[in-house]
Every structure is written in structure tokens, then in C-alpha cells.
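Peer 1: So the chains spell out like this:
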Amino acid sequence: GAVVSQHPSRVICKSGTSVKIECRSLDFQATTMFWYRQFPKQSLMLMATSNEGSKATYEQGVEKDKFLINHASLTLSTLTVTSAHPEDSSFYICSVPLAGGSDTQYFGPGTRLTVL
Amino acid sequence: KQEVTQIPAALSVPEGENLVLNCSFTDSAIYNLQWFRQDPGKGLTSLLLIQSSQREQTSGRLNASLDKSSGRSTLYIAASQPGDSATYLCAVWWRSGNTPLVFGKGTRLSVIA
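Chains as they are written, first to last, in my numbering: chain A, 1 to 116; chain B, 117 to 229.
Because the hints were derived from the structure by calculation, they are not lab data. Take the hints with a grain of salt, since some may be wrong.
Partial list, derived from the structure: chain A residues whose beta carbon lies under 10 Å from chain B [unchecked claim]: (1) Tyr36; (2) Gln42; (3) Ile93.
These stretches of chain A come out as covered by chain B in the derived footprint (C-beta under 8 Å, 3 or more residues) [stated by the list, open to error]: (4) 43 to 57; (5) 104 to 116.
Just so it is clear, CB atoms sit at the ideal spot from N, CA and C, and this is done for glycine as well.
Here chain A stands alone, though its shape is the one from the complex:
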């Protein structure tokens, strides 16, 4: 069964609204989660690293005030796209590394965001 879930799987919203995407680790606790973004026919690009109990770290060019990340518990990280615009339309996917520095990361099924 799924180890990492994302909700919602698909969302369509009007420009200017905020959208919250959840990433849940179902089987284990995670102090770190990664958020990636994939534009059409492009590769996955790391947006930010979500850290439980502390601030997220963002990659260069990703606006931290636009993409709010909250890692409130060891099993949940949320990504909120604030005041979404059509250029934010993308596939957002999270990954969760297995604790202990193992070679395993579990990817969520992704969230397709379409901003009209």
C-alpha cells in the first residue's frame, strides 16, 4: 500500500486563491520532507526542504512568501500556494526519506494544480 499520500490529487482554482497541498507519511515518522515541482514536459525540480519543528529551506528562485511550508508534525507537511496564478500551474510532488539516512525515499502520488 501507499507509504506517502498527497491530498488533493488534483485541484483547479481561480487566479488569486490560495491552495493547500498535504503530504502525509503513513508508515513512519519523517523529520524531513522534500517538495518538488514539475512543469509540463520538464523534470522534477526541488522547491524546498521541509523540516519538522523548524523553518523550511527554499531553493534559489523559489519565493518563500508565496510557497508556505508547514511541517507541524512528524507525519505531515503542507505546502500552501498563496495567491496562485496561472504560471503556478504544475505538478507538485513530495518525497519522504526513510529515517536513519537509509537509501530509501518514498514519493507521494503528486498533486496536479491548475490555476485558471
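The hints should help you fit chain B onto chain A, whose structure is shown.
Peer 2: Just chain B now, with coordinates in the frame of chain A:
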């Protein structure tokens, strides 16, 4: 800058053919390399993970090789089937497990019946 490149960007082959997908990476000091499959509009399916100390991994009709010194990996698919049609992504870990992956842009494979 650590980058991953995949060639070709797209590939179309008749059913039954054997094929090779290529992945190259800057900075040969990798930790692991992983191949994924992505179906249209879907998430990632892990296919093979090669640790830096390994040269290849096999799973069914898939074989992935790793040549760190030349900064290359190949994914070999034997006896291709229409169900193999998908985008194949190569991703590199440059540090140990608790770090993000760097992905290539993928190779979009179409296997024609």
C-alpha cells in the same frame, strides 16, 4: 553545478525491440543513482537503484548500469512492450539518504504494437 542529462528526449520503437536509455551526470562523486518510471499525469515508480559501489542492477527485463568515472548510467530494456511506454527519469543522489534527488528531464518512450 550538479546536473543530470538524459538522451534522447524522446524515443519511439516497435514492440519487441531492445533499447538503451542514457543518463549522464556532472560530478562523478555520486552517492546513488536511481531510475524511475512516470506515466502521463501520474507520480513516480521506482525501477532500479544503483549504489555508488555497484556497477549494475537488474529487475526482470530492466538492467541499469553505472560508470561513475565517465559520469554515465544506462537503462537497458529488453524485448520492449507497449506497456513500457512512459517517461523514464534518471535521478542522482550526491549525498546520503536524507538529501534530495537531482532529476534529469527524462526520456519519453513510445513502444508501438
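Peer 1: Decide, hint by hint, whether the structure agrees.
Peer 2: Right, here's what the structure says about each hint:
With its C-beta approaching chain B no nearer than about 8 Å, Tyr36 of chain A sits inside the 10 Å limit, and its interface hint holds. The interface hint given for Gln42 of chain A holds, since its Cβ lies 6 Å from the closest Cβ of chain B, which is under the 10 Å cut-off. Hint status for Ile93 of chain A: holds, given a least beta-carbon distance of 6 Å to chain B, under 10 Å. Counting residues of the segment 43 to 57 of chain A whose CB falls under 8 Å from any CB of chain B gives 5; the rule of at least 3 is met.
Counting residues of the segment 104 to 116 of chain A whose beta carbon lies closer than 8 Å to any beta carbon of chain B gives 7, which reaches the threshold of three, so the coverage claim holds.
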